[in-house]
Every structure is written in structure tokens, then in C-alpha cells.
Amino acid sequence: MDTSGRPTFSLKEIAERFGGEVIGDAAVRVEQVATLEAAQPHHIAFFSNPRYRRLLEQTRAGAVLVNGEAAGATSRPRIVCEDPYAYFARLSTFLNPPEEVIAATHPDADIHPTASVDPSCCIGAFVVIGAGAVIGPRTLIQSGAILGAHVKIGADCRIYANVSIYQGCLIGDRVILHSGVVIGADGFGLAMEAGRWRKIPQIGRVLIGDDVEVGANTTIDRGALDDTVIEEGVKLDNQIQIGHNCRIGAHTAIAGCVGIAGSTRIGRYCRIGGSAMIGGHLEIVDNVEISGATTVPKSLLRPGTDTSVFPVALHQDWLKNASHIRHLSSLAARIRELESRLAELERKRT
Amino acid sequence: MDTSGRPTFSLKEIAERFGGEVIGDAAVRVEQVATLEAAQPHHIAFFSNPRYRRLLEQTRAGAVLVNGEAAGATSRPRIVCEDPYAYFARLSTFLNPPEEVIAATHPDADIHPTASVDPSCCIGAFVVIGAGAVIGPRTLIQSGAILGAHVKIGADCRIYANVSIYQGCLIGDRVILHSGVVIGADGFGLAMEAGRWRKIPQIGRVLIGDDVEVGANTTIDRGALDDTVIEEGVKLDNQIQIGHNCRIGAHTAIAGCVGIAGSTRIGRYCRIGGSAMIGGHLEIVDNVEISGATTVPKSLLRPGTDTSVFPVALHQDWLKNASHIRHLSSLAARIRELESRLAELERKRT
Amino acid sequence: MDTSGRPTFSLKEIAERFGGEVIGDAAVRVEQVATLEAAQPHHIAFFSNPRYRRLLEQTRAGAVLVNGEAAGATSRPRIVCEDPYAYFARLSTFLNPPEEVIAATHPDADIHPTASVDPSCCIGAFVVIGAGAVIGPRTLIQSGAILGAHVKIGADCRIYANVSIYQGCLIGDRVILHSGVVIGADGFGLAMEAGRWRKIPQIGRVLIGDDVEVGANTTIDRGALDDTVIEEGVKLDNQIQIGHNCRIGAHTAIAGCVGIAGSTRIGRYCRIGGSAMIGGHLEIVDNVEISGATTVPKSLLRPGTDTSVFPVALHQDWLKNASHIRHLSSLAARIRELESRLAELERKRT
Chain A
47 MDTSGRPTFS LKEIAERFGG EVIGDAAVRV EQVATLEAAQ PHHIAFFSNP RYRRLLEQTR
107 AGAVLVNGEA AGATSRPRIV CEDPYAYFAR LSTFLNPPEE VIAATHPDAD IHPTASVDPS
167 CCIGAFVVIG AGAVIGPRTL IQSGAILGAH VKIGADCRIY ANVSIYQGCL IGDRVILHSG
227 VVIGADGFGL AMEAGRWRKI PQIGRVLIGD DVEVGANTTI DRGALDDTVI EEGVKLDNQI
287 QIGHNCRIGA HTAIAGCVGI AGSTRIGRYC RIGGSAMIGG HLEIVDNVEI SGATTVPKSL
347 LRPGTDTSVF PVALHQDWLK NASHIRHLSS LAARIRELES RLAELERKRT
Chain B
47 MDTSGRPTFS LKEIAERFGG EVIGDAAVRV EQVATLEAAQ PHHIAFFSNP RYRRLLEQTR
107 AGAVLVNGEA AGATSRPRIV CEDPYAYFAR LSTFLNPPEE VIAATHPDAD IHPTASVDPS
167 CCIGAFVVIG AGAVIGPRTL IQSGAILGAH VKIGADCRIY ANVSIYQGCL IGDRVILHSG
227 VVIGADGFGL AMEAGRWRKI PQIGRVLIGD DVEVGANTTI DRGALDDTVI EEGVKLDNQI
287 QIGHNCRIGA HTAIAGCVGI AGSTRIGRYC RIGGSAMIGG HLEIVDNVEI SGATTVPKSL
347 LRPGTDTSVF PVALHQDWLK NASHIRHLSS LAARIRELES RLAELERKRT
Chain C
47 MDTSGRPTFS LKEIAERFGG EVIGDAAVRV EQVATLEAAQ PHHIAFFSNP RYRRLLEQTR
107 AGAVLVNGEA AGATSRPRIV CEDPYAYFAR LSTFLNPPEE VIAATHPDAD IHPTASVDPS
167 CCIGAFVVIG AGAVIGPRTL IQSGAILGAH VKIGADCRIY ANVSIYQGCL IGDRVILHSG
227 VVIGADGFGL AMEAGRWRKI PQIGRVLIGD DVEVGANTTI DRGALDDTVI EEGVKLDNQI
287 QIGHNCRIGA HTAIAGCVGI AGSTRIGRYC RIGGSAMIGG HLEIVDNVEI SGATTVPKSL
347 LRPGTDTSVF PVALHQDWLK NASHIRHLSS LAARIRELES RLAELERKRT
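Protein chains in written order, with the working numbering: chain A, 47 to 396; chain B, 47 to 396; chain C, 47 to 396.
Heads up, a few of these hints could be off.
When chains are identical, the list treats them as one kind, so a pair holds in a single copy or across two.
Below, simulated DMTMM-like cross-link-like pairs (lysine to aspartate or glutamate); rule was C-alpha separation at most 20 Å, straight line [said to hold, decoys possible]:
{"id": "1", "residue 1": "K344", "residue 2": "D129"}
{"id": "2", "residue 1": "K58", "residue 2": "D129"}
{"id": "3", "residue 1": "K198", "residue 2": "D219"}
{"id": "4", "residue 1": "K245", "residue 2": "D272"}
{"id": "5", "residue 1": "K198", "residue 2": "E83"}
Rather than coming from a laboratory, the hints here were simulated on the basis of the structure.
Could you build the full structure based on these sequences and the hints that come with them?
Following this line, the structure appears as C-alpha cells:
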């Protein structure tokens with residue numbers, strides 16, 4: 047809410063840079079994006095979900111991004127554009143660029159003499175970079191991140207505090223790994239023999255493509271034999287678990303707390319809701335959407351949205367109804383029986 | 047089980063300090079709390095759940111905390127009180143006070159010269175405290191914790207090993223963050239544009255109130271525009287994920303593995319069972335209880351207990367019954383059809 | 047795919063060491079295991095799942111491990127054995143032994159003078175080992191791992207980067223803890239009193255038996271009063287949460303993202319699928335199998351496989367069918383009503 051110091055931009059300047067048509071006073075200057083609800087006169091907000099029309103009416107924003115349909119729904123100065131949310135994303139990135147990476151290596155970092163770290167990198171305190179590792183230009187490695195031997199990381203990456211990357215994993219350009227992420231731990235590979243589990247060596251790697259973001263405390267296991275692969279542009283939220291030998295297709299987005307068991311292949315442009323659980327050795331094709339909290343125990347071989355959620359209800363109603371789940375088969379049998387007895391009666395009647 | 051060295055207290059002394067009525071030998075001395083099952087004569091146990099009456103009968107505890115109803119259920123020396131579990135909590139805290147924080151800064155901590163750390167703090171090895179950060183009196187920061195620039199932490203907090211706190215997050219007094227907690231990583235904010243996800247800058251913060259406890263490996267994302275807020279007295283178990291811009295009301299308790307998607311507001315004094323999943327942009331009012339493993343895809347606007355669990359069964363029974371879920375709609379239609387045909391028969395008959 | 051440098055072994059040599067009968071050219075030399083799909087002529091693959099027979103026919107592997115039934119299903123050089131997967135596990139361990147632990151203590155490790163670290167250990171950078179801790183021979187403690195006071199770790203363990211172990215926890219021999227694991231954080235013990243949660247001191251420990259493996263970011267809470275116990279040979283995947291005072295029986299295997307609430311006892315040789323959720327204060331006997339994504343709110347007192355999964359369907363089909371769940375009780379009542387009306391009609395008819 048502090049307006050001092052930040053540069054401001056007029057709606058005219060913004061529209062010249064990002065497109066759209068200004069309606070109202072194009073000289074209005076804004077310095078930051080905000081929600082309709084919290085916006086002040088030095089803010090620009092966006093309106094894309096019709097459910098929030100009341101907030102649009104009440105906003106104190108200096109200006110608003112709207113689409114053509116909503117152009118008349120406010121008298122505030124506004125920029126009319128095709129997709130206000132995408133426009134807002136671009137504008138916010140312009141107003142809030144990622145902090146610049148300043149070339150520096152903290153004296154308390156432990157970098158193996160055979161590692162190659164580009165001089166433009168910023169390496170934090172208590173970072174470990176193992177033998178033979180290679181870190182590309184302008185990459186930030188925050189404090190406490192531990193990178194094993196022969197890890198390769200591309201250009202312009204951000205590896206946040208306390209990330210762990212096991213030996214040999216390869217990471218592309220512009221990748222973001224948030225704190226607590228673990229890349230390349232052993233997959234869950236075991237064989238039972240004479241009453242004891244025998245560990246199967248996990249000799250694959252994790253390969254992460256360009257422009258991938260991985261949320262806090264997410265874990266991606268290394269492959270058992272082949273590699274685990276996260277293709278370019280994949281976006282993973284927090285606390286996701288990806289088993290060994292999975293392949294996640296390009297530009298797929300996965301929300302928090304999802305678990306994906308080993309050797310499953312997920313297509314491109316899929317969207318997976320939070321807390322979904324996907325079994326192992328499955329194939330999910332491109333453009334599949336999986337609802338939050340949905341369990342997927344089988345392959346999904348055509349696009350579409352899949353759901354498997356038990357409807358929530360007050361506990362006493364749930365009790366009353368859920369108990370019948372255990373008798374669905376006999377309920378169905380009783381219906382069949384009724385149908386045949388009724389048909390018999392009807393037949394006799396005619 | 048080692049009885050040497052610890053101070054002991056008589057039931058008389060305990061009742062004088064914490065209330066309750068002693069029945070039996072008030073001179074009996076105990077030194078530690080224990081479960082009914084494991085207790086030895088130098089221990090005091092508590093009895094609050096009637097299911098464990100058999101354990102009460104068999105306990106070897108030197109003394110027991112009971113409520114009025116159970117006062118006659120044992121002949122052991124006992125303290126009769128209103129709420130034995132709360133009494134036990136107070137007594138155990140007295141017998142097992144948190145380890146004292148000894149003012150000290152490890153020489154291998156990396157504290158930015160512009161950070162302000164109260165001299166009464168205890169700062170462990172390989173801790174990083176960023177520019178402009180402020181740490182209040184008697185706060186413990188354990189080894190390997192990484193605190194970003196401008197983080198503020200209040201008095202008497204305990205930040206355990208390997209915690210990560212991103213820049214600008216604010217934390218109240220007497221807050222406990224367990225190992226692996228990540229506070230303030232970027233929320234999952236993306237806009238799809240021309241086949242690629244564009245990252246939306248996450249410029250909000252995380253605000254954590256007084257007396258909050260956060261379990262191991264729990265993650266709380268920073269706000270996209272506004273802040274994510276955890277109000278005072280909230281208790282979070284391990285491996286919980288809280289999305290950007292959520293607000294969790296005061297004194298709400300959330301068990302392990304719960305996921306809460308972005309922009310959801312949860313009321314005060316709610317209780318959320320383990321592995322529950324709560325969708326985004328919802329409102330849950332005060333005093334709602336959500337059962338473990340329940341999925342909440344809609345707002346809950348009145349107090350009560352909500353559940354959505356598929357009943358567990360032997361796999362072969364599950365198979366038999368669950369297959370009918372896919373035909374519930376047609377089963378319902380067949381029932382309607384039977385009703386109308388039967389009514390027709392009955393009508394004709396009269 | 048680089049064949050240079052690695053030792054090679056003939057099928058004859060392999061069969062002499064591990065058993066089985068060679069069919070075809072026993073002089074064929076292989077240097078590494080691989081999947082049927084990815085194998086090259088210098089690889090040996092295994093065939094155990096009949097679903098992959100097509101891959102067996104198409105493989106370019108130099109040799110294959112097969113059981114008696116499949117001995118004729120390929121003309122490649124092969125070793126016929128009873129359990130190709132277990133054979134493969136042993137062979138892969140022989141070809142890919144764990145990296146040797148080289149005795150060394152990094153100068154940037156912080157080891158308390160009262161701790162006892164066997165001179166054969168390898169201790170990484172920025173490791174903390176607390177007062178009175180004891181580390182057994184040939185154990186590897188990777189960079190950034192933090193071990194509290196009086197932690198005891200046995201021989202031949204591997205503690206990976208950024209693991210956190212709280213004070214007093216005991217860990218057996220040959221234990222593997224992957225990155226981000228937290229052992230011994232406080233359990234979720236709270237008593238509500240006068241509108242505020244009071245924390246109950248968690249004075250138990252975590253005891254981990256020999257040959258246990260714990261996956262990345264898994265958390266195991268210390269006991270409230272008694273200890274939390276993980277018996278020998280237990281295998282835990284990533285992101286599992288085990289509450290205070292649980293006991294997990296020997297050789298039980300638990301897949302990723304499972305949550306087990308406090309004080310639950312799980313038997314020996316159980317298998318628990320990913321994302322299952324098990325309530326607190328339950329008993330699960332030996333040899334129980336729990337399907338992935340299954341919720342277990344009650345004790346399971348006989349062996350068998352238990353499941354509670356809502357069948358996944360296209361969203362529109364789910365909508366149509368799931369809505370009837372809320373009326374199951376009334377559907378059942380309507381069936382009863384139909385049965386009695388129909389019986390009445392039938393009675394009148396005769």
C-alpha cells in the first residue's frame with residue numbers, strides 16, 4: 047500500500063505495450079496490480095469471472111482490465127482486452143519482474159573443484175555442488191541446496207533454499223525448484239524374497255525439461271532402469287509425488303498433493319486437480335482433465351474430464367446413505383427380481 | 047523409565063498447584079506422566095476414554111487422573127478433576143517444560159549485517175538470516191533453517207532444523223515451525239496463453255499469528271496479490287498444503303496430509319481430519335468439523351460435521367458393489383418405472 | 047548406453063553365481079540390466095509380467111531372464127529361473143553395488159565434541175551432529191543432514207541430504223533415509239481448554255529397526271508418551287506421514303503419500319497402496335493388503351485385501367450417478383416398499 051518509490055504507468059502507456067483499448071481517462075497512472083477487493087486508486091485490477099461482478103461494481107481500483115462483454119459493467123477507467131487474466135499475467139510480470147540474479151558465490155558454499163559453475167551464477171551459503179556438476183549462466187542456487195555429483199542445471203534457473211538433487215539428474219533452462227523439493231531419490235523398487243524385501247538399484251535419472259516449475263516439498267524419483275522424465279513447460283504444485291519412470295507430457299499442470307505411482311505416462315496439456323491419485327503403469331493421453339481428489343486406477347485413453355468423488359454430506363446423512371453402498375449389489379438384484387415378478391403379474395393380467 | 051535424577055511431586059503438591067481432589071494416599075510421589083498401559087509406580091496416568099476402562103483396571107501407575115464418573119473405577123491413588131486430559135496436558139507441561147533457549151549464535155550461522163537478531167536468541171549452525179530480517183527475543187532457530195530477506199519472527203518461537211521461510215513473511219510470537227516446513231513459496235498461479243503457461247508473480251506474503259504450530263514438511267504458499275493468513279492459535283499437523291490466499295481462522299486444528307486449494311477461507315475453531323481435501327475459492331464457516339479423508343468441493347455455510355468417505359470393504363465385496371455406482375442413475379430410473387407400473391396394476395385391481 | 051569401461055559377464059558366469067539354466071549362447075556377455083523396451087545387445091532384461099509378452103518378442107536385449115513357462119517365448123539367449131524379478135534384483139545389485147562409503151569428515155561439518163562418530167563414517171558438508179549422538183561404522187551422512195542430541199544411528203546406514211532427526215531418536219543398521227525425511231518431530235497432541243489449544247509435550251522417541259528404508263520427505267512423529275516404532279525391514283515410500291505412537295510391523299511396505307494417524311498398530315508383512323489413509327487408534331493385523339487411495343476408518347482384524355475407492359468416470363456420468371448417493375437410503379426404502387406392495391398384489395392374486 048506504500049505508493050512511494052515505485053514507478054507508475056499510464057493506461058495509455060500500458061495499452062501501447064500490451065495492447066487493448068482504453069476506455070475512460072487514459073492518463074490515469076497505476077503502479078501495481080491488485081484484486082478488485084483490495085485495490086486502491088494506484089492499482090489496476092482484472093475482472094474475468096462473472097461471479098465477481100459485485101466486486102467489480104464496488105472496487106476502488108484506479109483502473110480495471112475487462113473483456114468486451116464487461117466493457118460496460120464499470121465506469122472506472124479500463125482496458126478492454128480479449129483475455130483479462132492473461133493480460134494481467136503479462137502486466138504483473140512487467141510490474142514485478144523476478145529479482146535480478148547477482149553474480150556471486152558465497153564463501154561458505156562447498157563447490158567441488160571439478161564442478162563447473164558459470165561465473166554469472168549466484169550461489170548461496172551452505173550450498174553443496176558435487177563433483178562434475180555443471181551450472182548454467184545466471185542460475186540462482188539458494189542457501190542450503192545440495193546438488194549431487196554430475197547434476198546438470200541449465201541457464202536462468204532458480205533453485206530455492208534446501209532443495210536436494212541426487213547425482214546425475216539433468217535440469218533444463220528457466221526451471222524453478224521451490225524449497226524442500228527432492229529430485230532423484232530412489233524409486234520404490236523392491237522384490238520380496240524369502241520373507242525379506244530386496245532393494246532394486248535405481249540406476250535411472252530424472253530429466254527435467256525447460257520452463258518447468260516444481261512446488262515446495264514435491265518429490266520426483268529417479269528411474270529404476272530408464273529415466274523419469276518431466277517434459278518442458280510442466281507445472282507442478284506443492285507436495286506432489288511422482289514415482290520412478292513416470293513421464294509427464296509437456297505443458298501439463300498438476301495441483302498440490304497429487305500422487306502418481308511408478309511407470310505411468312501422462313500426456314501433454316493435461317490438468318490434474320489437487321489430491322488426485324493416479325495408479326502405476328497407466329497411460330493418460332493428451333488433454334485429459336482429472337478432477338481434484340479423484341482416484342485413477344486405469345488408463346484414460348481419450349480426452350475429457352474424469353471424476354471419482356464421494357459427495358460430501360452432513361455426517362448423519364452420510365452414515366444413513368453410505369451404509370447402503372455395502373448392499374448395492376443386493377439392491378440391484380432386488381430390483382431385477384421386482385422387475386421379473388412385476389412382469390409376471392402384468393403378463394397374467396392380460 | 048530411568049527414575050534417577052528427576053524431581054518427584056506428591057499428589058498433594060500436584061493438586062495444590064493444578065486443582066482437583068485427591069482420593070487415596072496423597073503422599074504418593076510421581077515424577078513423570080505415562081499411558082495407563084506403560085505406567086510404572088513412579089508415573090501418573092490419565093483416564094478419559096471409557097473404551098480404555100480395562101487398561102485403568104490393569105494399570106501399574108502410581109496414580110491416575112480421573113473425572114468424577116470414574117472416581118470409583120480404580121482403587122489407585124487418584125486425582126479427580128473435571129477434564130483429565132486437559133489436566134494431564136497442564137501437568138505434563140509442568141513436568142516436561144520445553145528445553146530452555148540458551149542465548150548463543152553459532153559461528154557458522156550466516157546472518158546478514160542488516161538483520162536484527164535479539165541477543166537472547168539461539169541461532170544454530172548453517173542458519174541463514176537474510177537482509178533486514180528481524181528475530182524477536184528468546185527465539186530458537188535450529189541448524190539449517192533458511193530465512194529470506196525481511197522475514198520477521200516474534201518472541202519465543204521455535205524454528206526447527208531445515209525450515210525454509212521465503213522473503214517478507216511475518217511470523218508472530220510463540221510460533222513453532224517443525225523441520226522441513228516451507229513458508230512463502232510461490233502459489234500455483236498460471237495463465238495459459240498460446241499453448242504455454244505464463245507464471246503470475248506471487249507478490250503477497252504469508253502472515254502467521256501468535257501461538258501457531260506447523261508440523262513437519264507442511265507448506266504454506268505466499269499470496270498471489272493479497273496475503274495468505276494463518277490466524278492465532280491455529281494448529282497444523284505434518285504434510286499439510288495450504289494454497290495461496292487462504293485464510294485459516296483462529297484456533298482451527300488441521301490434521302496431517304490435508305490439502306487446501308487457493309483462496310479458501312476457513313473459519314475459527316474448525317477441526318479438519320487427516321487427508322481431507324478442500325477445494326479452492328470456498329468458504330467454511332466457524333466450528334465446522336470435516337471428517338478424515340473427506341473431499342469438500344463446495345462451501346460449508348453452517349456448523350456441523352461433514353463426511354464423504356467410501357466405505358471400506360474386502361476387495362471382492364467392493365468390486366461387487368462399486369460396479370453398481372456406475373449404474374445408480376439407471377437403478378433409480380428402474381425404481382421409478384417399477385413404482386409407476388405397480389401403481390398402474392394396483393389402480394386396475396381396485 | 048556407453049558400453050566402455052564397465053565389466054561384462056557371460057550368461058554362464060551369471061548362472062554359476064545366481065543359479066538358473068542357460069538356454070542359447072551361454073558365452074553372450076552383458077554389462078547392465080535394462081527394460082525389455084530399452085535394452086541393447088549388451089543388456090540383460092527380465093520378463094515376469096505376461097502383459098508385456100509383445101515387448102519380449104521385440105526386445106533387442108542380449109539376454110533375458112524368464113521363468114519356466116516363458117522359456118520358449120523367445121529365441122534370445124536366456125536364463126530360466128523360478129522368479130525372474132527376484133533374480134533380476136540380485137543381479138542388478140551385483141552389477142550396481144551401492145557407492146562405497148569413503149571414510150572422511152568434511153571440515154565444514156559441525157560435530158559436537160561429546161558425539162561419537164565411527165572413524166569409518168563419511169560425514170558431508172554442513173552436517174550437524176548433536177551432543178551425545180552415536181554414529182555406527184561405515185554410515186554415510188550426506189550434506190545438510192541435521193541430527194539432534196543423543197540420536198543413535200547404527201552401521202552401514204545412508205542418511206541423505208537435508209534429512210532432519212530430532213533429539214533422542216534411535217535408528218538401526220543398514221537404514222536408508224532419503225532427502226527431506228523428518229524423524230521425531232512432535233506428534234499432534236493438543237488439549238482444548240478455555241477456547242485455546244494446549245500443546246501436550248511429546249516425550250516419546252522414534253525407534254527405527256534394521257534394514258528400514260524411508261522415502262523422500264516422509265515424516266515420522268515421535269511418541270507422545272511411549273515411542274513410535276518402525277520395525278525391521280519396513281519399507282516406506284515418499285511423502286508418507288506416520289503419527290505419534292504408531293507401530294509398523296516388520297517387513298510391511300507402504301507406498302507414497304499414505305497417512306497413518308496416531309496410535310495405530312499395523313502388522314507384519316502388510317502392503318499399503320499409495321495415498322491410502324488410515325485412521326488413528328486402529329489395529330491392522332499381519333498380512334493385510336490395503337488398496338491405493340483407500341480410507342480405513344476401522345480396525346482390520348483378518349488378512350485380506352481392503353478397498354474403498356469411488357469408481358472413476360467421465361465427469362458428466364459421475365454427476366449423473368453420484369447425485370443418487372445422497373438418496374441411497376430412500377432408494378432402499380422405496381425398494382422395500384415396492385417389495386411389500388408387490389407381495390400384497392401377488393397374495394391377492396392367488
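Going down the list of hints, with the structure as the test:
1. K344 / D129: Answer is neither: 36 Å inside a copy and 26 Å across each miss the 20 Å cutoff.
2. K58 / D129: For K58 and D129, only the intra-copy Cα distance (18 Å) is at most 20 Å; the inter-copy one is 67 Å.
3. K198 / D219: Within one copy only: 10 Å inside a chain, 33 Å across chains, cut-off 20 Å.
4. K245 / D272: This pair counts as within: shortest intra-copy Cα distance 17 Å, inter-copy 31 Å.
5. K198 / E83: neither (44 Å within a copy, 26 Å between copies)
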